[in-house]
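Participant: So the chains spell out like this:
There are 4 protein chains.
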Amino acid sequence: MIIIMKPNATKKQVTTVIDRVKDIGLDVQINQGEQQVVLGLLGDTRSVQDIAFRSYEGVDTTIRITNTYKLTSREFHPQNTVVDVEGMKIGDGNFITMAGPCSVEGLEQIRQTAQIAKMGGAQILRGGAFKPRTSPYAFQGLEEEGLKYLRQAADEFGMKVITEVMDETHIDLVAQYSDILQVGARNMQNFKLLTAVGKTGKPVGLKRGISGTINEWLNAAEYVAVSGKSPVIFIERGIRTFEDATRNTFDLSAVPLIKKLSHFPIIVDPSHGTGVWDLVPPMARAGVAAGADGMIVEIHPDPENAWSDGQQSLNEKNYRQMMKEIQVLSSAMKEISSPQELTVRRER
Amino acid sequence: MIIIMKPNATKKQVTTVIDRVKDIGLDVQINQGEQQVVLGLLGDTRSVQDIAFRSYEGVDTTIRITNTYKLTSREFHPQNTVVDVEGMKIGDGNFITMAGPCSVEGLEQIRQTAQIAKMGGAQILRGGAFKPRTSPYAFQGLEEEGLKYLRQAADEFGMKVITEVMDETHIDLVAQYSDILQVGARNMQNFKLLTAVGKTGKPVGLKRGISGTINEWLNAAEYVAVSGKSPVIFIERGIRTFEDATRNTFDLSAVPLIKKLSHFPIIVDPSHGTGVWDLVPPMARAGVAAGADGMIVEIHPDPENAWSDGQQSLNEKNYRQMMKEIQVLSSAMKEISSPQELTVRRER
Amino acid sequence: MIIIMKPNATKKQVTTVIDRVKDIGLDVQINQGEQQVVLGLLGDTRSVQDIAFRSYEGVDTTIRITNTYKLTSREFHPQNTVVDVEGMKIGDGNFITMAGPCSVEGLEQIRQTAQIAKMGGAQILRGGAFKPRTSPYAFQGLEEEGLKYLRQAADEFGMKVITEVMDETHIDLVAQYSDILQVGARNMQNFKLLTAVGKTGKPVGLKRGISGTINEWLNAAEYVAVSGKSPVIFIERGIRTFEDATRNTFDLSAVPLIKKLSHFPIIVDPSHGTGVWDLVPPMARAGVAAGADGMIVEIHPDPENAWSDGQQSLNEKNYRQMMKEIQVLSSAMKEISSPQELTVRRER
Amino acid sequence: MIIIMKPNATKKQVTTVIDRVKDIGLDVQINQGEQQVVLGLLGDTRSVQDIAFRSYEGVDTTIRITNTYKLTSREFHPQNTVVDVEGMKIGDGNFITMAGPCSVEGLEQIRQTAQIAKMGGAQILRGGAFKPRTSPYAFQGLEEEGLKYLRQAADEFGMKVITEVMDETHIDLVAQYSDILQVGARNMQNFKLLTAVGKTGKPVGLKRGISGTINEWLNAAEYVAVSGKSPVIFIERGIRTFEDATRNTFDLSAVPLIKKLSHFPIIVDPSHGTGVWDLVPPMARAGVAAGADGMIVEIHPDPENAWSDGQQSLNEKNYRQMMKEIQVLSSAMKEISSPQELTVRRER
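Protein chains in written order, with my numbering: chain A, 1 to 348; chain B, 1 to 348; chain C, 1 to 348; chain D, 1 to 348.
Be aware that a few hints might be false.
Since the list gives no way to pick out one identical chain from another, each pair is judged satisfied if it fits inside one copy or across any two copies.
[Unchecked claim] Straight-line C-alpha distance at most 25 angstroms; calculated SDA-like pairs for lysine to any residue:
id, residue 1, residue 2
1, Lys192, Leu173
2, Lys260, Ala245
3, Lys334, Gly93
4, Lys317, Leu261
5, Lys192, Glu144
6, Lys260, Gln321
7, Lys324, Asp92
8, Lys324, Asn94
Hints listed in this document are in silico derivations from the structure and should not be mistaken for laboratory results.
Could you put together the complete structure from these sequences and hints?
Facilitator: Structure representation (structure tokens):
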């Protein structure tokens with residue numbers, strides 16, 4: 001951490017700050033500039049994050065130069081983490097597809113969707129049983145009944161399951177039916193939930209918050225990682241900006257950025273990222289090209305009659321066409337990026 | 001709800017939409033424009049919010065023209081709701097102050113702060129016992145011990161208590177010690193928590209989400225209101241924008257806007273709204289002038305040694321000065337805005 | 001346009017609005033809903049955009065349902081516009097690369113960069129001679145001298161030129177040396193400049209504003225298009241959001257969205273879109289996969305000594321590697337998307 | 001400036017950076033931390049802003065610790081600048097009102113508005129003759145004819161004039177009729193225009209850009225200030241965020257923040273800040289309480305028939321009521337904040 005004093009800070013003010021730093025066992029290096037004093041704190045500065053140096057008299061600002069997400073960082077763990085989902089790998093260089101409806105609406109609907117998903121090439125079935133909805137009067141999900149249908153449909157077609165857990169109290173229930181526990185965008189900073197899912201040992205699909213910064217997202221992953229049990233799969237799903245022509249602004253730069261900063265895999269969600277079904281295929285392709293480890297997309301046998309998110313769900317025909325395109329681009333990506341080259345390119 | 005068809009929509013596409021609308025028991029009015037057909041849905045359109053008309057062939061877009069937060073809306077309840085906090089009123093025309101530290105750090109710290117708060121004129125003591133923190137390595141609060149100290153300090157100085165409940169599982173615990181249950185910004189859309197606090201009968205202080213729209217905030221209040229037990233106190237605490245000179249962008253327009261749309265009171269939080277202690281007094285004054293029913297501010301006997309948020313906490317001297325200013329402006333506001341005038345002015 | 005009256009609007013208020021609509025020669029259709037009256041305006045409603053119906057008594061809100069960018073819209077011109085840059089085509093299905101330094105720093109620097117650009121496969125040389133800089137004390141460009149060097153270097157290596165024109169007074173000067181006139185992000189709504197460049201007949205590279213919505217961008221293009229002379233090339237370069245891990249948030253969804261709404265080509269600028277050199281190649285690849293018609297990237301023979309934007313400029317080695325990847329992905333894209341398919345896929 | 005090296009930076013990489021720093025005549029202090037080397041640059045570091053240290057091998061990031069807006073900063077000029085507008089003062093402790101229509105529509109309309117403005121207490125008449133409009137088909141202003149009417153109306157009622165200059169080529173024309181030259185939000189970073197208006201000697205009303213940061217705004221003012229002739233009046237008019245319940249998000253915190261960082265006065269524009277007429281009076285009051293030096297508001301004798309911005313314009317009755325409230329709050333503010341106290345309070 002660096003502490004920058006104001007140009008007019010007094011000697012006493014500087015000394016007060018220095019004494020406080022030494023109090024907590026850190027060493028300090030003093031830079032006497034022409035305009036102001038700058039203090040460099042040496043040692044494990046994670047311990048100082050709770051001290052409000054900015055409120056000290058004479059202090060202009062403070063700058064943190066080490067991150068706080070040690071276990072999640074690539075510095076700590078240089079090799080990619082390959083997540084094992086009951087034998088299926090995420091992050092091993094193959095592009096994985098998770099597909100399914102926004103909401104599980106009934107057994108037949110989810111069976112039909114699972115079949116479509118599988119035939120198109122998806123390995124994992126998605127579907128919401130507990131639905132976070134802006135309005136209390138909107139459909140809130142089939143809950144446990146939905147979980148059962150989802151599992152049954154996935155098993156029938158040899159697929160894995162990902163579904164959202166909204167609440168600490170439902171973790172055991174959801175974990176019973178799901179292979180991956182999804183933490184939704186609205187819960188990215190529900191710290192109790194993060195800590196609790198981290199203890200299950202199940203992989204955690206961690207959606208980026210609607211206004212979550214990359215740094216907050218990495219710290220949220222750290223809440224999961226400190227348990228030492230559950231690996232994280234980052235899911236980029238768009239952020240909230242002024243632009244309203246799309247539901248969210250799909251921040252694809254997060255893909256190479258997370259890969260640079262963390263060892264955990266990252267997948268993309270072009271359905272929520274755009275909110276408009278005909279933008280999903282081009283953005284799914286862009287996700288492949290950006291280097292994502294997979295994607296999660298909303299599909300529905302009959303989007304016009306979907307109980308939720310129909311406008312961003314693909315029907316069978318469009319889904320099949322998209323999956324062909326993804327296949328072509330995935331092959332192209334394998335051609336250009338052997339893991340060695342990726343590593344080499346990062347050096348300049 | 002209004003459904004706008006594309007200019008090139010076929011007759012069959014229009015008919016399909018109309019049939020679906022009639023299916024769910026609504027009537028429809030058809031506008032044949034020069035360029036496109038526009039359908040007006042008549043009846044209680046809350047029931048159609050789960051139908052994805054935007055995914056229908058030939059549909060361009062849909063527009064909702066009635067809100068979904070009935071119980072929270074001023075249309076439903078034209079008079080202001082005055083919230084009763086164990087005999088103390090919020091929303092009756094007097095400006096209420098809630099003050100205290102970010103975190104309860106110990107009995108002595110909170111007693112000392114309570115004394116300062118009370119002497120300056122605050123009626124309610126704030127203080128965090130469960131702290132949502134970006135990093136898992138940061139101080140997470142004293143939990144139940146903190147709640148006890150907070151209650152004890154408030155009782156000693158004849159104050160009420162507001163404190164945050166982060167998790168459904170802690171509601172009973174927190175309710176035992178607190179007069180108002182605060183739902184934090186990160187939990188504005190933690191729908192399970194909203195539903196659960198709504199059943200306690202305690203007033204709920206509902207912070208606006210970091211990226212919460214006014215509409216989402218009103219709908220979040222509706223989750224509390226549907227229980228029919230707990231009244232809501234809106235707390236504007238700033239939203240996340242591109243501007244980084246302040247911690248958040250303090251959206252004071254929310255004050256008159258919420259007052260126009262809802263009957264529940266609204267207070268302001270200039271500490272989180274700005275994140276910089278010397279911007280707190282001017283923005284607190286602005287809150288009074290905008291018509292807020294009160295404020296919640298962070299104060300600390302020794303901000304430089306606060307365990308969290310020291311940079312935005314006021315010390316005793318600055319707090320006292322601010323409270324004098326608030327007093328002067330509150331009197332000025334009473335001079336200009338009798339309730340009748342407010343009502344009259346809303347007519348044009 | 002649709003006008004939604006308030007639930008409590010009086011008959012007289014409704015009549016006043018209707019009379020005003022008829023005054024300006026439009027017809028109106030009246031929907032009497034259960035809660036409120038909704039008026040649909042029929043005819044060419046572009047003429048009503050200057051009437052403040054929202055300020056009428058009893059009016060709740062108004063909704064525009066036709067766009068105001070007629071000449072730019074795909075409805076007006078269903079086929080893609082292929083822009084001709086002195087014989088080179090943009091928008092014909094081939095992916096075009098514009099490369100060069102942020103600033104022209106001297107003849108040798110731009111010659112060296114042109115050679116690198118050309119060898120890597122770029123067809124167009126970019127380089128700033130007039131530089132918009134946040135601070136008045138930063139380097140502002142070599143101005144005419146820079147333009148001369150840029151043209152000379154491009155001619156030597158058989159390339160076309162794109163460079164920014166910041167000011168109406170410099171249009172003739174810049175047009176003398178450049179094949180494409182670039183309007184920078186800060187000038188997206190400099191309407192006088194847009195009108196003036198539209199009259200030159202030179203293709204206009206129109207960068208999206210730092211906070212420009214898709215709708216505003218299309219309307220800005222309309223200012224160029226009304227002249228009937230200059231075609232537009234949209235350039236997505238990222239928008240400003242709360243995220244600060246990247247210089248801007250690169251909004252790649254704009255690519256398929258602009259292609260859906262307009263007939264003009266769109267290229268991407270991953271250098272400004274990310275602001276970090278090692279994120280440029282993955283986002284350039286993503287641009288290809290999203291369907292962009294080309295890209296514009298910053299390269300420099302010696303980024304460490306660049307006079308501006310060095311941190312987002314690629315050196316020769318990284319540029320060459322990126323161009324190989326682009327080549328592979330472009331081929332893959334041609335395999336999957338024949339123009340016919342694109343058209344078909346847009347139907348649902 | 002501080003340069004933070006990566007944890008794995010080599011000795012050679014560190015030396016390369018140090019040599020470059022010394023090359024440009026600066027001294028450097030080296031901090032050898034446990035994890036990484038941090039370099040502190042000593043001397044006038046404004047000269048290094050064009051060097052891309054971030055692109056150097058082994059460099060993690062760079063941090064600027066001195067601002068680049070010297071002449072605009074309060075450090076340079078500790079006393080408030082009081083702007084003299086043909087004998088009328090802005091920034092002397094009195095709250096100034098500029099009022100008028102969005103657009104000058106004709107002589108009678110502007111005369112009538114001037115009379116209303118004056119009777120209500122405004123000192124300065126506003127009105128647009130050159131109008132920046134999103135669509136090329138919208139009304140663009142009466143241009144010189146409008147300027148004449150504006151001047152005539154202001155003179156008749158003893159008022160000063162503020163109006164927007166959109167283009168360098170119109171500066172002389174506008175300066176002939178206007179006492180203050182307004183630079184609009186879309187032109188905050190039109191650097192040629194800023195430089196040109198700075199040379200006129202007329203006070204410049206500098207609106208904050210739609211997505212302008214405080215830092216960019218201060219730098220934009222510096223473009224005006226370097227001429228040494230024209231003083232600046234900052235105008236906060238709201239920024240673009242995700243919130244769409246208001247036209248912009250009115251960032252009132254900018255008022256005390258600009259007062260802390262700069263010596264120039266700042267006024268507020270609640271009309272554009274909110275975009276909704278009935279939010280204007282409460283936010284105007286909030287502006288007074290936040291410490292603004294004045295405001296600029298849109299009024300119209302007949303908002304329903306205004307040619308532009310009618311929905312945010314006040315009619316005579318509401319304007320008069322607002323001005324009474326402003327009067328009461330201004331008096332209250334004078335009671336609490338003598339200049340000495342303001343200075344004292346800034347010390348902690």
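Participant: In ascending order, which of the hints set out earlier in this document are inconsistent with the structure?
Facilitator: none
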